[in-house]
Amino acid sequence: MTTSQKHRDFVAEPMGEEPVGILGKKLEERGFDKACVVLGQFLVLKKDEDPFQEWLKHTCGANAKQSQDCFGCLPEGCDAFL
Amino acid sequence: TLGIKEMDHMSPRLRAFLSEPIGEKDVCWVDGISHELAINLVTKGINKAYILLGQFLLMHKNEAEFQRWLICCCGATECEAQQSSNCLKEWCACFL
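Chains A and B supply the protein sequences, listed in that same order. Each residue of the first sequence is one higher than the last, beginning at 1 in our numbering. Each residue of the second sequence is one higher than the last, beginning at 101 in our numbering.
What the hints contain is simulated information worked out from the structure, not anything from laboratory work. Wrong hints could be hidden among the right ones.
Said to hold, decoys possible - 25 Å max Cα-Cα, derived SDA-like pairs, lysine to any residue:
no., chain 1, residue 1, chain 2, residue 2
1, B, Lys144, B, His109
2, B, Lys161, B, Thr177
3, A, Lys46, B, His135
4, B, Lys189, A, Gly31
As the list claims (entries may be wrong) - Not the full set, but computed from the structure, chain B residues with beta-carbon under 8 Å of chain A:
no., residue
5, Gln155
6, Leu157
7, His160
Claimed, not checked - Some chain A residues near chain B, calculated using beta-carbon distances under 8 Å:
no., residue
8, Cys36
9, Val37
10, Leu39
11, Gly40
12, Gln41
13, Phe42
14, Leu43
15, Val44
16, Lys46
Using N, Cα and C, we set each Cβ at its ideal position, and we do this for glycine too.
Can you build the whole structure from these sequences, using the hints too?
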């Protein structure tokens, strides 16, 4: 499976203060302006894919592909730093 | 990363928590979380340290807000709240 450059960049760097790229604007409007805040949401949902994707769709109207892409980055980011 | 000097001032529990990734550690591993508080947290479904970390991140790593939540919603004492928010703040500084 090929991963996008954005995905590779996201996973390679420590997750900190960089703005959320993929659904950035919408998440920003709802206060999720940093990657670590979206990570927080993911952890609070016990790293569970379905609730997280549901949350993403509900919070910023992400479609199935967008929410899957966003979810796809997170577990790898987690393994690297958690 | 923390130097030897900083590590010296830490409690053994905090040092242990910061010495490795959070993984699947139970919530009682977080410095400041007493046995009683851990029970309260587990009843609320917060059984792993990473879930508490998630809550801290959701609150934009605002220690005061996190402490207020831990005291009001989870029955923490002020001391427990301060110790655990400090622990999570230090963890973020090390790992994020």
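For each hint, the structure was consulted:
no.	hint	result
1	B/Lys144 to B/His109	violated, 32 Å
2	B/Lys161 to B/Thr177	holds, 19 Å
3	A/Lys46 to B/His135	holds, 22 Å
4	B/Lys189 to A/Gly31	holds, 20 Å
5	Gln155	holds, 6 Å
6	Leu157	holds, 3 Å
7	His160	holds, 6 Å
8	Cys36	holds, 5 Å
9	Val37	holds, 6 Å
10	Leu39	holds, 6 Å
11	Gly40	holds, 3 Å
12	Gln41	holds, 6 Å
13	Phe42	holds, 7 Å
14	Leu43	holds, 3 Å
15	Val44	holds, 4 Å
16	Lys46	holds, 6 Å
Consistency with the previously given hints fails for number 1 only.
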